[in-house]
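2 protein chains.
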Amino acid sequence: MKTAGLNREESSDMQKIRAYAFDDYAALVRSFHGSVAPGVMIGGFMVDLAYRRLPSGGLFDVICETAKCLPDAVQILTPCSIGNRWLKIVDTGRYALTFYDKRTGAGVRVYLDCAKLDPWPEIKNWHLKLTSKEAQDDDLLLNQIREAGENICSVKEVQVSPTFLNKKKAGPIAVCPSCKEAYHAADGAICPACRGGLLPYPSGSRVRRKSRTP
Amino acid sequence: MKTAGLNREESSDMQKIRAYAFDDYAALVRSFHGSVAPGVMIGGFMVDLAYRRLPSGGLFDVICETAKCLPDAVQILTPCSIGNRWLKIVDTGRYALTFYDKRTGAGVRVYLDCAKLDPWPEIKNWHLKLTSKEAQDDDLLLNQIREAGENICSVKEVQVSPTFLNKKKAGPIAVCPSCKEAYHAADGAICPACRGGLLPYPSGSRVRRKSRTP
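The listed protein sequences derive, respectively, from chains A and B. Letter by letter, the first sequence follows residues 3 to 216 in the numbering used here. Letter by letter, the second sequence follows residues 3 to 216 in the numbering used here.
The following block holds chain A by itself, in its conformation from the complex (with noise of 0.2 Å):
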């Protein structure tokens, strides 16, 4: 099903979120991620600036250092998304994504330097948690990511480990004999939802299960 990651695109109007004016973009946030939430909406200058440090060519998968907000960022104006696998998350805490072509490596990693912050000092309150969200001035802090663009980032160039550029196998597929459900066999005789430890909700008997069948 897997057909293409990202291709390089260059631009070069250092005003826009991609082919987006700031405000557009802002929509696009509203939309997709319910608030126009700093950080998504610095997370489009950073996926902005990593498009344009791209090499040349390529095929290119993203991995995001933390599942609150910048993934969002990616998924709006990337083809990448969680779903196709072409967005991963690796969960460091960091504010931080990395580009990467899948088939060597070579990638980008773009993040929000705190060394750069002190010219934004709303930003910096936000993102260290300097001051409680009650105490955020929120159109001050918008107004200071718009200025402030991709100056608050730094860009460095890494290679990642090989254990995300092979795509693995799932393997066979097997229905659990327990709940009935296919799962990857690989997994053990029974599926791991069953095995416990995963299960968003009590097992057996304490799940209220009326069967409604559609």
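You may find that some hints are simply not true.
A pair counts as met if it fits within one copy or between any two copies, since identical chains are not told apart.
[What the hints assert, rightly or not] Under the rule of at most 20 Å between Cα atoms (straight-line distance), these lysine-lysine pairs were calculated in the PhoX-like manner: (1) K169 / K104; (2) K104 / K118; (3) K135 / K18; (4) K104 / K18; (5) K182 / K158.
To be clear, the hints were calculated from the coordinates, so they are not data collected in a lab. In this text the structure is predicted, and so the values were computed from the model without any measurement.
Dock chain B against the given chain A, drawing on the hints supplied.
Chain B alone, transformed into the frame defined by chain A:
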């Protein structure tokens, strides 16, 4: 930043996937996911079915039991995304999603039901990987998905465990003395990336780190 999950809506039109005709939804899937993947198409019917079985009122988050395809159906059709955290992935490998009231934990789980696949052999072949991708008849598969609709799914009421209800406070932020980036102070004296084991690329001297400030 989080203001609301998704609100319950009713749909009496069984031919549609939420507000969309099958082909219109397929176009959305192609745009967001990159291809009209069978899993995202079936996921559309699963999301639609879940919506119609939700209890009245409430704000709902979603858990997907696989990272493959299904999360994109949720992200296309609901306000829930990975980045706003209203969509969570608990990877049991099963093709199932759970919509649950984030205050009470009451919810519905929709799953692709192996016991209902016999009338749709191409869906069964795809789901259980009984044929190779090369031997898969993509047109026939999509037609069977269109015809089967929600009839290959089952629904159960579930009670999500309390660990998914209480929003975890991330706590204070620290600047890592090693990489100088912000991270969750609760993770220790240095960030998880510098502690090792999580980084998507080799750490230390093996990383090609040309300093290229924007």
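Against the structure, the hints come out as follows:
1. K169 / K104: Intra 9 Å, inter 35 Å, cutoff 20 Å: intra-copy only.
2. K104 / K118: neither (30 Å within a copy, 38 Å between copies)
3. K135 / K18: The answer is neither: 28 Å in one copy and 41 Å across copies each exceed 20 Å.
4. K104 / K18: Intra 27 Å, inter 37 Å, cutoff 20 Å: neither.
5. K182 / K158: Only across copies: K182 and K158 sit 14 Å apart there, 48 Å inside one copy, limit 20 Å.
In summary, the structure is inconsistent with hints 2, 3, 4 from the numbered list given earlier, while agreeing with the others.
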